[in-house]
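Q: Here is how the chains run, residue by residue.
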Amino acid sequence: MNALLPLTFDLVLSLLILLLAANIYVIYRRQYLVWFLVVLFLTPFLFLYSFFEMMYLSDISPYFVVPYPFILIFVEVAIIIAQKNLLASLKTEKGAEYKLLLREDVALIRAFEKIANHFIRRMSPFVGIKNVEQILEECIEQYPILSGCYIGSDERLKVQMMEELIGEQKEVNMNELCTAFSYLLTKLIDSYSALVPYNEIVEELSHEIGKIDKRVIAYFIPFILFKMVLEPFIRELRGDELKKLRMSIDIAGVHVNRKGGLEYHTIYAYDETAMEEKFITFLIRLLAFSGRDREIKGKVMEFFRKLPQNVKEEMYRRELIKKLPPGILDEEKMVLSSKEKLIEELIDRKQKLEEAYARLADAKLNKMKSEFIDIIAHELKTPLTTIKTYTDLLRKEKLGPLNEVQREKLERMEKNIKRLTKLIDDMLQIPSIDAKELELRKELFPAQEVIDAIVEEVEEIAREKKQAFTVEIDGDAIIFGDKNLIEKAIKNIVVNAVKYTPEKGAITLTAKREGDFIRISVADTGRGIRSEDAEKIFEPFYSLESGAGLGLSIAKNIVESHGGKIWVESTVGKGSQFHILLRGEK
Amino acid sequence: MLILTLISLVLPILSYRYFMQLMKLVKIRRSNFLVAGSATILTGYVFFMLPWIFVGTDILAIRVFSYYVIMAGLLILVYAVVKIYIDWREVMK
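In order, the protein sequences belong to chains U and P. Sequence positions in the first sequence follow the numbering used here and run 592 to 1177. Sequence positions in the second sequence follow the numbering used here and run 770 to 862.
Treat the hints with care, as some may be off.
Claimed, not checked - Here are the simulated lysine-lysine pairs, DSBU-like style, with alpha carbons at most 30 Å apart: (1) U:K972 - U:K1079; (2) U:K834 - U:K705; (3) P:K793 - U:K682; (4) U:K972 - U:K1074; (5) U:K960 - U:K987; (6) P:K793 - U:K802; (7) U:K1103 - U:K1165; (8) P:K852 - U:K805; (9) U:K675 - P:K852; (10) U:K1000 - U:K1056; (11) P:K793 - U:K705; (12) U:K834 - U:K749; (13) U:K1056 - U:K1006; (14) U:K924 - U:K1009; (15) U:K682 - P:K852; (16) U:K1090 - P:K852; (17) P:K793 - U:K675; (18) U:K960 - U:K897; (19) P:K852 - U:K749.
Stated by the list, open to error - Residues of chain U clear of chain P, computed beta-carbon distances all greater than 10 Å: (20) I608; (21) N614; (22) M645; (23) K675; (24) R694; (25) Y734; (26) I842.
To be verified - Here's a subset of chain P near chain U, in silico, CB distances under 10 Å, partners left out: (27) P781; (28) F788; (29) F816; (30) F823.
Just so you know, the hints here were simulated from the structure itself, not pulled from any lab data. C-beta: ideal position from N, C-alpha, C; glycine also.
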């Protein structure tokens, strides 16, 4: 039988557990976890020893098996120490463990226990602990969930048994707990109020509630609203006023007793919103009932503002302040709404800033592109001028006679040099217009003038290709702009039309006045442009066929620098129609 | 050997007492898996020690069996620890 296989698995699994526990320790770094980590660190060693012992030692002496129980005892002791540490931390609430690990219901019971014990400590010397026990018994009778609670020998409320009882339940009804404890607190406060003025009680409560863990403070909100905000005012009412109030306020879950105490504990049967609504309704009715609207509002505000920070934070979180009737905490409401507005504004500004950054990056990129093209074009132009000079000298036979073949080749060279020069000139024009460095010499001129000049240049090529060339120009089509540049823009489009329209095709050039604008259109019967290319053809160096792909981008730059618009409408297989819209005579 | 083994078996009972007290207070509840995993490992350990206590030597078949039992216990523990790790991450959020 092979023991190595399961032993290897055991070793791997123990290492895996160690790794996970180490991860947990890295996140939480608690003292008790160190002990667990020690335990888990020893376990793989146990398996490693097992390997060693099985392979080398077992045949020699049975005493080599003794380390197993020893290590196991050490592991178990370490586990016990770790558990004791954690338990002590949870019980004494020292260290951070209890906040992280303590169950919410246990934390709630402990919070109620502390407040109850505060009152028991203060009142028991006066009323006697027997009376306190009697109150507790009455509460247990009313709410059996409290049956684990008792008054200990130190005359304090003990909840450990209740914690244990609760601990055995999987789901604890938190509202039931709140109802029971609120009832107990109401009874204790009622007894205590016979000894101490209610305002002092509120101050003591405020101090105690300020210590409550944020996790459970939400459960105390109804208690705070009714007992700390409303009750002080009700307690100040005269006997007849109180009687009237008790008769007139009819809100399910809220009851005013003969002493002016508010019994609100059954309100926990409702949800959070309903509880808040009941408080608001109570407050509104109280304002209407008393006729001392201003005075009550002032007092309510005073009580609200005295509330501890953890309670205020919870009220802001729930936006309870906003729901209060007008005239109460208006400043806080304004702060709350201005805070919201500020956040909205901040989000809006952040968006705008991001857009501006994107535009800036885009502009920088465009500038870099322009500068790059500018440098390249200038660097190309200098050697090209030298080449052109020497070609001229050669062609004019200043450097010696030429034979026919040489002359023919030189002519071809010259033709290509011209092409290259034109291309470089075009390239140089893009950055200058992009950067708006070019001064536009604007003037008024008839569209007829530039179109005639263009037609004269391209007519011959069109005739060679047997293309029908039609020109329609309105007599009042007067353009306001740089004549030379506009001619160049229109010419680029017309040249393209002639170039890409097949033989026997048709080209129509029109110039019409449209309000303050002149629309120049060049229609052809070429192969057309796909819709996805319609925007791209105006980008520099984008060419659908042979060519540098600069003509249309130059045309676009010229038109846009004049505040005009250029676009294309096209149907694949039928032809294209380029439109230029320019400002006309004013 | 018998005494040592007995001590190592008594200590878990004490540990279990603390463990149950803890489980009543903490909100992360994987106690069943942790107890089941630990109990299985302990059973495997008892099987491992039996031949040494009663025969005074090793019996390979029992040793292999105990390793498999311990493996089952460790698998349960891995599951429990993974669950605790996930739960705690949620708690921290």
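Q: Please go over all the hints and tell whether each is borne out by the structure.
A: Right, here's what the structure says about each hint:
no.	hint	verdict
1	U:K972 - U:K1079	holds (21 Å)
2	U:K834 - U:K705	violated (34 Å)
3	P:K793 - U:K682	holds (11 Å)
4	U:K972 - U:K1074	holds (26 Å)
5	U:K960 - U:K987	violated (40 Å)
6	P:K793 - U:K802	holds (24 Å)
7	U:K1103 - U:K1165	holds (23 Å)
8	P:K852 - U:K805	holds (26 Å)
9	U:K675 - P:K852	holds (23 Å)
10	U:K1000 - U:K1056	holds (27 Å)
11	P:K793 - U:K705	holds (20 Å)
12	U:K834 - U:K749	violated (38 Å)
13	U:K1056 - U:K1006	holds (21 Å)
14	U:K924 - U:K1009	violated (77 Å)
15	U:K682 - P:K852	holds (25 Å)
16	U:K1090 - P:K852	violated (74 Å)
17	P:K793 - U:K675	holds (14 Å)
18	U:K960 - U:K897	violated (65 Å)
19	P:K852 - U:K749	violated (34 Å)
20	I608	violated (5 Å)
21	N614	violated (7 Å)
22	M645	violated (8 Å)
23	K675	violated (6 Å)
24	R694	violated (4 Å)
25	Y734	holds (21 Å)
26	I842	holds (35 Å)
27	P781	holds (6 Å)
28	F788	holds (6 Å)
29	F816	violated (12 Å)
30	F823	violated (12 Å)
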